[in-house]
Amino acid sequence: MTTAADYSEKIPNNVELHEDRRLQRALESWQPNFLSWWESMGPTLPTQDVYLRTAVNVGREGWAHFGHVAMRDYRWGIFLAERDPDRRIGFGQHRGEPAWQQVPGEYRADLQRLIVIQGDTEPASVEQQRNLGATAPSLYDLRNLFQVNVEEGRHLWAMVYLLHAHFGRDGREEAELLLHRNSGSLESPRILGAFNEETPDWLSFFMFTYFTDRDGKYQLGTLKESAFDPLSRTCEFMLKEESHHMFVGTTGIDRIVARTAQLMREHETDDVVAYGAIPLNTIQKYLNFHYSVSLDLFGSETSTNVANYFTAGIKGRWAEGRRKDDHRLTDDSFLVDALIDGNVGQTEVAALVGLNTDLRREYIGDCQNGVNRWNRILQEADLPQRLRLPHIAFNRRVGAFSGIEATPEGELVSAEEWERREGEFLPTDVDKTYVRSLMKPVHERGRIAAWIAPPRVGINGRPFEYEYVHLA
Amino acid sequence: MADGQRIDFRTEPSRYRHWRLAFDGAVATVTMDVDERGGLVPGYELKLNSYDLGVDIELYDAVQRLRFEHPEVRAVVLTGGKEKVFCAGANIRMLAASSHPWKVNFCKFTNETRNGMEDASANSGQTYLAALNGTASGGGYELALACEHIMLVDDRSSAVSLPELPLLGVLPGTGGLTRVVDKRHVRRDLADYFSTRAEGVTGAKAVRWRLVDEAVPRPVWDETVAARAAELAARSNRPAGAQGLELTELTKVRTDENIDYLYVRTQIDHDRGVAEITVLGPETDAPADADADADDVHAQGARFWPLALTRELDDLILDLRTNEPEIGTWVLRTHGDSDRVLAYDALLLENADDWLVKEILLYLGRTLKRLDVTSRSLIALVEPGSCFAGSLLELALAADRSFQLTGVFEELDPDAEPAAITLGRINFGRLPMGNGLSRLATRFYGDDESLAAAANAEGKALGASEAETLGLVTFVPDDIDWDEEVRIAVEERASFSPDALTGLEANYRFAGPETLETKIFGRLSAWQNWIFTRPNASGPDGALRVYGTGKRADFDRKRV
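Protein chains in written order, with numbering that gives the first Met the number 0: chain H, 0 to 471; chain D, 0 to 559.
Hint data in this document are derived by calculation from the structure and do not stem from the laboratory. Note that this is a predicted model, so its numbers are computed, not measured. All C-beta atoms in this analysis are idealised placements derived from N, C-alpha and C, irrespective of residue type, glycine included. Each hint should be verified, as a subset may be incorrect.
[Said to hold, decoys possible] Derived contacts from chain D toward chain H, CB cut-off under 10 Å, selection only:
hint: 1; residue: GLU409
hint: 2; residue: PHE474
hint: 3; residue: ASP478
hint: 4; residue: ILE479
hint: 5; residue: ASP480
hint: 6; residue: GLU484
hint: 7; residue: ARG486
hint: 8; residue: ALA488
hint: 9; residue: GLU490
hint: 10; residue: ALA493
hint: 11; residue: PHE495
[Stated by the list, open to error] Listed next, with one range per pair, are the computed distances between beta-carbon atoms:
hint: 12; chain 1: D; residue 1: ASP7; chain 2: H; residue 2: ALA349; range: 46 to 52 Å
hint: 13; chain 1: H; residue 1: ARG87; chain 2: D; residue 2: ARG551; range: 52 to 58 Å
hint: 14; chain 1: H; residue 1: GLY341; chain 2: D; residue 2: GLY511; range: 54 to 60 Å
hint: 15; chain 1: H; residue 1: ARG87; chain 2: D; residue 2: ALA499; range: 28 to 34 Å
hint: 16; chain 1: H; residue 1: ALA349; chain 2: D; residue 2: ALA499; range: 21 to 27 Å
hint: 17; chain 1: H; residue 1: ARG86; chain 2: D; residue 2: PRO539; range: 46 to 52 Å
hint: 18; chain 1: D; residue 1: SER494; chain 2: H; residue 2: ARG87; range: 19 to 25 Å
hint: 19; chain 1: H; residue 1: GLN345; chain 2: D; residue 2: SER494; range: 31 to 37 Å
hint: 20; chain 1: H; residue 1: LEU34; chain 2: D; residue 2: ASP482; range: 29 to 35 Å
[Said to hold, decoys possible] Counterexamples of contact, computed for chain H against chain D with all Cβ distances above 12 Å:
hint: 21; residue: GLU38
hint: 22; residue: ASN130
hint: 23; residue: SER184
hint: 24; residue: ASN195
hint: 25; residue: HIS243
hint: 26; residue: ALA273
hint: 27; residue: ARG327
hint: 28; residue: ALA337
hint: 29; residue: CYS366
hint: 30; residue: PRO383
hint: 31; residue: ASP430
hint: 32; residue: LEU437
hint: 33; residue: VAL441
With the sequences and hints as input, model every part of the structure.
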């Protein structure tokens, strides 16, 4: 018999795991499978230990607990934000009723599906990024990669916790399947297409953490509003960690742009290839790719599923509490992007079915902040060039614009022209090969690759030179 | 529904308002003489021997009492107490004013009563004879169709007819169409013509078309009916000199939240739309010594556990179906000693030749069939202390899904015996469904291997994993998962469309062959229920609604 103390030690948690026999048993059988998944699908670079943050509590002190730990001894914990006993449902037909502490049978299937889809993306990115350790530009970056990885692993734990704690046998089977689907696998791929592409290089990694993880942030934000309180509280805590992942992406791209700008200034040239850096044009193409693919993750402009989720109270809008409307939307309308007579335009639909568009717009606004930030770096370097978000119709494979081709400026072009000019907009094989050629590991402390600037500050007040990772 | 408005199915002859019973040796005469002012609810008069649910409740009671209280009765003459008319069928104003669920439930019950009459003719040695002393139209003729032999007075005006389609824009809803062709073998084109001809068919032609068995001139009517009844009585194998038993009034406590009898307890949760039904096993051992026999059953009478339980279940099903339409899920549990249940079953099976024992078995069979055609989701929960064995296992086999606990409830009773189910001989054909097969054979339809495996397990207390392997239960959660799994299953069920669930369940419950019964409850009822809800019948200008107003129905002419 395992003692209560053991549980909080092995699996840090604030869900009173030691009192919950069902959960203990479920996790006992799941944990070894998770560890073997981590061994076979997690980071490939052997390490002794890594300077990681481990959440041991949801409080200010507890969630940022730093120390060198061997990766396989990382303590994946289960944390839900503090419970508000008076919390009420904020939207949909159950608005004003007390939040649900149990899964209502009526919404079991929908809730389970949402959690499974969310859960499936978490380990997927670990799988996509598993080989990046071998080409890390610095120990600092290597450590950040591993931090992102373990936290994605913890997010998987969070979703598995919900499945185990609230969805019975079905939930346990789904939790098991989360480990059996693998990114890029032919037999059992990850559910969402974007999570089946390998992350081949660090530019892609930073772009992924900026754009694709940001999609995750917005999805979590809508689930945080859920009437199902355990899901809401789980997502609230996950959002905290997710913001760190986006920090990795934002500052990663900052540092690449800064390095490129520095070389452009020093050598008064746009062509920084000769100096082992990444040309702005290539950065723009990577941005074009990751941004457009991430827009697709929000689904079609209109969705009756999402309308049903909203009405049922299981998935809200971004910042639902700050919206100034009736939070039911039964009589409202909304303009969504649409193809009108072959041109990009908008059409009016019932507000409930336009919620995907609403969320995508929130996301786009947020993405623009990063672009502005990178452009400030260019501006401060007195360079005239600017990065920009491509047009919403650019390179879309899902939704209203999936049937047309548009340039990043939004000019509609024929399929033939698109094919001819694709290399202007998206990374070409030459671009990718070049970026990959830069990916040489720099594993000596205090040193960094030539294509990226060092960070201004280290982790947890440590200097950049700190020995963030001890390699095996 | 407030207490006063609930329909009570319990009655007895001294309280009848619409029927008279007369006994003459082996022949009983049941005379329909409907009290026009005796409608169950205000708003219509039961003219021309037309009937409503109240009339049929009495008929059902009469049919039951004839079987149990009158072993001497070998033939039952069903006739009318009015001049010129035998029975005009279900009251149209009542139908027009009724809600759709009420109509459907009413038709289901009348169908069951008619099937019960056929069951008596076929299996009880109590043969029904319809003596149509006047016109039998619609439901009146359908009542006659449920009898073994139909006599029509030949007075050049009395007819049999099914005027529903031409007059009301609906179908004869209690088996008429099916019985005309499937039972009486009326040729289909003649049946088609007959069913569109409001005035029906009289005398010799009715005989020629096989709509009735004989047309009898008025002057010789009484003696011919008596002669025919005597002939039918002579075919019976009912014992001479047997003593009937009294179907004493059921002990029943009915409140908004509870329906309790001696052996059946029900809690109604109106918020969740769930009735939690617990069936209690026998309190004492079955008379089981070497010479235990039917005499012991006779001696116990209506207190005999299988009979008492069956009556209670029967009444409960009817009560819930009629009075609690929004209670969409019935959760079935049992509590008691499985060995005792099996011992009672054995007593019944060993003495099945005894008229009373046979009646009990047949009645249990009919009651389980009632459950089969009940438009409620049935979920059986097999927990420690339950007695899903033999006859009571049929409840779980009738359910749409079943859960059996793996192990025990650790925190409630760690030392309990784990839940088990036990197959008995009675499960292998003695309690057939409407399709003629046992619930087991229907469950494993087309899968002889599984049926054989179940047969091999007869008599064995089957734990959850064995029962699951044999395909006898659906899910076997352990105590850690039990509450959540069951809660979610029940809540989810309650969230689905009740109409779609009714359709789904009716389709899955009756795998296998079609019979008269399955056609009546499946095909005919489904069509009828669809037609009932169409504007052409029940819209403001629909035929059912404008009947008797002098207005003409205005049909939407599109064929669907």
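We went through each hint and held it up to the structure:
1. GLU409: holds (8 Å)
2. PHE474: With Cβ-Cβ at 8 Å, under 10 Å, it holds.
3. ASP478: holds (9 Å)
4. ILE479: With a minimum Cβ separation of about 4 Å from chain H (threshold 10 Å), the hint on ILE479 of chain D holds.
5. ASP480: holds (5 Å)
6. GLU484: holds (4 Å)
7. ARG486: holds (7 Å)
8. ALA488: Hint holds; ALA488 of chain D Cβ to chain H Cβ min 7 Å, cut 10 Å.
9. GLU490: holds (2 Å)
10. ALA493: Holds - the Cβ of ALA493 of chain D comes within 10 Å of chain H, reaching about 7 Å at its closest.
11. PHE495: Status holds, d = 9 Å.
12. D:ASP7 x H:ALA349: 46 to 52 Å: Check passed, 49 Å falls within 46 to 52 Å.
13. H:ARG87 x D:ARG551: 52 to 58 Å: Hint holds: Cβ distance 56 Å, inside 52 to 58 Å.
14. H:GLY341 x D:GLY511: 54 to 60 Å: The hint (54 to 60 Å, Cβ to Cβ) holds, given that GLY341 of chain H and GLY511 of chain D are roughly 57 Å apart.
15. H:ARG87 x D:ALA499: 28 to 34 Å: Taking Cβ atoms as reference, ARG87 of chain H and ALA499 of chain D lie about 32 Å apart, which means the hint holds.
16. H:ALA349 x D:ALA499: 21 to 27 Å: holds (25 Å)
17. H:ARG86 x D:PRO539: 46 to 52 Å: holds (48 Å)
18. D:SER494 x H:ARG87: 19 to 25 Å: Check passed, 21 Å falls within 19 to 25 Å.
19. H:GLN345 x D:SER494: 31 to 37 Å: holds (36 Å)
20. H:LEU34 x D:ASP482: 29 to 35 Å: Taking Cβ atoms as reference, LEU34 of chain H and ASP482 of chain D lie about 30 Å apart, which means the hint holds.
21. GLU38: The claim stands: GLU38 of chain H keeps its Cβ more than 12 Å from every Cβ of chain D (closest is about 29 Å).
22. ASN130: Holds: least Cβ distance 40 Å, greater than 12 Å.
23. SER184: holds (30 Å)
24. ASN195: About 32 Å separates ASN195 of chain H from the closest Cβ of chain D, which puts it past 12 Å; holds.
25. HIS243: holds (34 Å)
26. ALA273: holds (64 Å)
27. ARG327: holds (20 Å)
28. ALA337: Non-interface label on ALA337 of chain H holds, nearest chain D Cβ at 33 Å vs cutoff 12 Å.
29. CYS366: The assertion about CYS366 of chain H holds, with a minimum of 38 Å to chain D.
30. PRO383: PRO383 of chain H clear of chain D: closest Cβ-Cβ about 61 Å, beyond 12 Å.
31. ASP430: holds (51 Å)
32. LEU437: holds (53 Å)
33. VAL441: holds (51 Å)
When each numbered hint is compared with the structure, no violation occurs for any of them.
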